[in-house]
Amino acid sequence: MKEIAIVGYQQSDCVSDAGALNEVELIIPVLGRIFEQVGITNAQDVDFVCSGSCDYLQGAAFAFVLGVDALGAVPPIKESHVEMDAAWALYESILKIRMGHADSALIYGFGKSSPGELPIVLSQQLDPYYLAPQWVDTISLAAMQARMMLDQGLITERDMAEVVARSRRNAINNPHAQLKGDVTADDILAEETYLSPLRRSDCCPVSDGASAVVICTVEKAKAWGKPYAVISGIDHIIESHNPGMRDLTDSVSTRKAAANAGMGDGKVDVAELYAPFSHQELILSRALGLSEDTTINPSGGVLAGNLMMASGLSRIGEVFNRIVAGDAERGVAHTTSGPCLQHNLVAVLDKGEVA
Amino acid sequence: MANLAAVVGIGQTSYTTKRNDVSIAGLVREAAVNALNDADLTWDDIDAVILGKAPDMFEGIIMPEIYLTDALGCNGKPMLRVHTAGSVGGSTALVAASHVQSGTFKRVLTVSFEKQSESNAMWALSNPQPFSTHLNAGAGGYFAPIIREYIRRSGAPDDVGIKVAVKDRQHGARNPLAHLQLPEITMEEVSESFMLWDPIRYLESCPSSDGACAMVIANEELADRSSKPPAWIRGVAMRSEPTMYAGREEVNPQAGRDCAADVYKQAGISDPRKDLDVAEVYVPFSWYEPMWLENLGFAPEGEGWKLTMEGATSLLDGGDIPWNPSGGVLSSNPIGASGMIRFAEAARQVRNDAGEHQVPDAKLALGHAYGGGAQFFAMWVVGAEKA
Chain A
1 MKEIAIVGYQ QSDCVSDAGA LNEVELIIPV LGRIFEQVGI TNAQDVDFVC SGSCDYLQGA
61 AFAFVLGVDA LGAVPPIKES HVEMDAAWAL YESILKIRMG HADSALIYGF GKSSPGELPI
121 VLSQQLDPYY LAPQWVDTIS LAAMQARMML DQGLITERDM AEVVARSRRN AINNPHAQLK
181 GDVTADDILA EETYLSPLRR SDCCPVSDGA SAVVICTVEK AKAWGKPYAV ISGIDHIIES
241 HNPGMRDLTD SVSTRKAAAN AGMGDGKVDV AELYAPFSHQ ELILSRALGL SEDTTINPSG
301 GVLAGNLMMA SGLSRIGEVF NRIVAGDAER GVAHTTSGPC LQHNLVAVLD KGEVA
Chain B
1 MANLAAVVGI GQTSYTTKRN DVSIAGLVRE AAVNALNDAD LTWDDIDAVI LGKAPDMFEG
61 IIMPEIYLTD ALGCNGKPML RVHTAGSVGG STALVAASHV QSGTFKRVLT VSFEKQSESN
121 AMWALSNPQP FSTHLNAGAG GYFAPIIREY IRRSGAPDDV GIKVAVKDRQ HGARNPLAHL
181 QLPEITMEEV SESFMLWDPI RYLESCPSSD GACAMVIANE ELADRSSKPP AWIRGVAMRS
241 EPTMYAGREE VNPQAGRDCA ADVYKQAGIS DPRKDLDVAE VYVPFSWYEP MWLENLGFAP
301 EGEGWKLTME GATSLLDGGD IPWNPSGGVL SSNPIGASGM IRFAEAARQV RNDAGEHQVP
361 DAKLALGHAY GGGAQFFAMW VVGAEKA
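One line per chain: the protein sequences are A and B, in this order. Position one of the first sequence corresponds to residue 1 (this note's numbering), numbered consecutively onward. Position one of the second sequence corresponds to residue 1 (this note's numbering), numbered consecutively onward.
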């Protein structure tokens, strides 16, 4: 199968409220930067474009259509869209390259979550007959999951606070992070609970912004002469939607997707995990069997800033950044969708040959 | 070069205004089970599920694949959700095909649906946006001026749309799944139906339907031993252009022309009217048949309406290139599924499995879908033979 590489990644700052900027205005600067990074001039210079966004964040049907307007798609382009995190747009793009209909692809995700109440908005992705009418919001579901873990003695509140403190400290070096600072677990534990057992710091912030990735065949990456990381494996798996039908304290689909993506074939220097709640990072790192040899979320992860519909793509981009910076030779990126880690994607990235 | 792939199973629900007897999960499962039965397969034979529909606001469920995974037997497997505009059913079929054509999967299930009775499609499409022009017009209001421009340029007589409306409903009357069953419809009846968006009359518009469509797509090895004849995927293409830009050709959009040229090249088609035996084309308003006849190269620019008036696109008149023998979007329109229905009906024709609306000896067929302001296009060509 064709070797596919990442050659570019850009992300906007995670901001709590982008104000009057619309989605196109969030996307365009990111695209401008990634075109410059890869050395191309516009979307015509890649063979395929795929994006991820969510109509309900914008409050309009077909929100992605305006996103296409940001591309300058004249003459027309090969383009598609998923109503999922843009990490799945990357997955679709990989299939396109593997089937020989493209050698390169631009992927972008964007979300402006600030105008709505995100946890309540997302409650409308639940089963419309049995769960959504109860308006169970995402934080409440996550709190239930954390409570199960605490009650079973799988984690402690201090474990959760350590995750938050590490995120805040790591984010100091991430210019795009929204929440950062030199805080300790004790500082976190001193906070009052928000939705017990979760403190506000256990929950990711609501952020506005966009991110973008360019992928291509390894031959193309060499032709472009850009540093790259190879996507050596990628897989994703969904589990039952009914929270009573699965073990919420584990993530079977993450473990299986990682195995299918070949994570076990080598050591993992870095992992970027899409864990919107601190306890979920613990579930994920255990499901992946990560040891102390792996640096987890050096960017701060989504606890430092969560761009809905782009955060998963950014996790892949952050691992790419570590590899091309020489900090890591091999890493895994994880993305999730749905309540309580229902659907999970794992990508394994390896260092490319020196150009 | 893409790996060979083929449609080995097709399942549809019947299409109707309100499916009060099933939930949304029940609706998609019905189509999926029909497709599995058609392919003589079970849930265990499926490696991944690709779900399409758009927009989420029609049913008021965000990312419905999250909830529908249980109904679609997808737990423990990959689930991908495609969301383009009105072309979504077609785009979904193409993304599903890419799972197999890339060599990544052996056999996948793809499903698309719309339960339009859960909401009001026109208003779901018309909510105002900050800093954007608020059309508040629905799809018909958007396309009517473009159709008027087509009539002005081509000099087409004003009953072309009426003829298409009658022809597609006569076709639909041969398809037991079609929503509108109007076997006795006449030109006079259509011309007397009330004007919605001049020149589009009520009976020249698509209905609002509940329904779902599903297909099983398999690789060459599995398709070679499928229980029924496979429909081999001979070409796949999609194109997008912006809604508006200076000089945009809205009557005969470049994205549509480019998409057709791409898919014809892959399938070895030089003269679509001659080389293809049948086409299932997205015609939600009657006048889009002559317009797409030109856009897709079946007729020179300005002359598409002549094919319609000659009966070339009519199955009942024995036309040489029947368009929409299933009755098309004018007979059934569950929006999120409508594109996939075109793709599936094209496949039914080349499998020689289209019942009373079968085009005799159909060997090569086009499936077409478009969306947005006629700016998003998805097409495939399927054949009875591999090449």
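Hints may be right or wrong, so weigh each one.
[Unchecked claim] BS3-like, lysine-lysine: derived pairs with alpha carbons at most 25 angstroms apart:
#1 B/LYS106 - B/LYS274
#2 B/LYS363 - B/LYS274
#3 A/LYS2 - B/LYS106
#4 B/LYS265 - A/LYS2
#5 A/LYS256 - B/LYS363
[What the hints assert, rightly or not] Output of the computed footprint for chain A on chain B, the stretches with three or more beta carbons under 8 angstroms from beta carbons of chain A:
#6 69-83
#7 97-104
#8 254-264
If you are wondering where the hints come from, they were derived from the structure by calculation, not from laboratory data. Heads up, the beta-carbon is just placed ideally off N, CA and C, and yes, glycines get one too.
A quick look at each hint next to the structure:
A threshold of 25 angstroms between alpha carbons decides the hint, and for B/LYS106 with B/LYS274 the separation of about 34 angstroms lies outside it, so the pair is violated. A distance of roughly 12 angstroms separates the Cα atoms of B/LYS363 and B/LYS274; the hinted pair therefore holds under the 25 angstroms criterion. Taken as a hint, the A/LYS2 and B/LYS106 pair is honoured in the structure, with Cα atoms around 17 angstroms apart against an allowance of 25 angstroms. Distance hint between B/LYS265 and A/LYS2 is fulfilled; the C-alpha atoms sit about 24 angstroms from each other, no more than 25 angstroms.
Between A/LYS256 and B/LYS363 the CA atoms are separated by roughly 42 angstroms; this puts the pair beyond 25 angstroms, and the hint is violated. With 12 residues bearing a CB less than 8 angstroms from a CB of chain A, the stretch 69-83 of chain B meets the requirement of three and the coverage assertion stands. A stretch counts as covered by a chain when three or more of its residues have a beta carbon under 8 angstroms from one of that chain; for the stretch 97-104 of chain B and chain A the count is 6, and the coverage holds. Requiring three or more residues with a Cβ within less than 8 angstroms of a Cβ of chain A, the coverage given for the stretch 254-264 of chain B holds, as 4 such residues are present.
The structure shown violates the earlier hints numbered 1 and 5.
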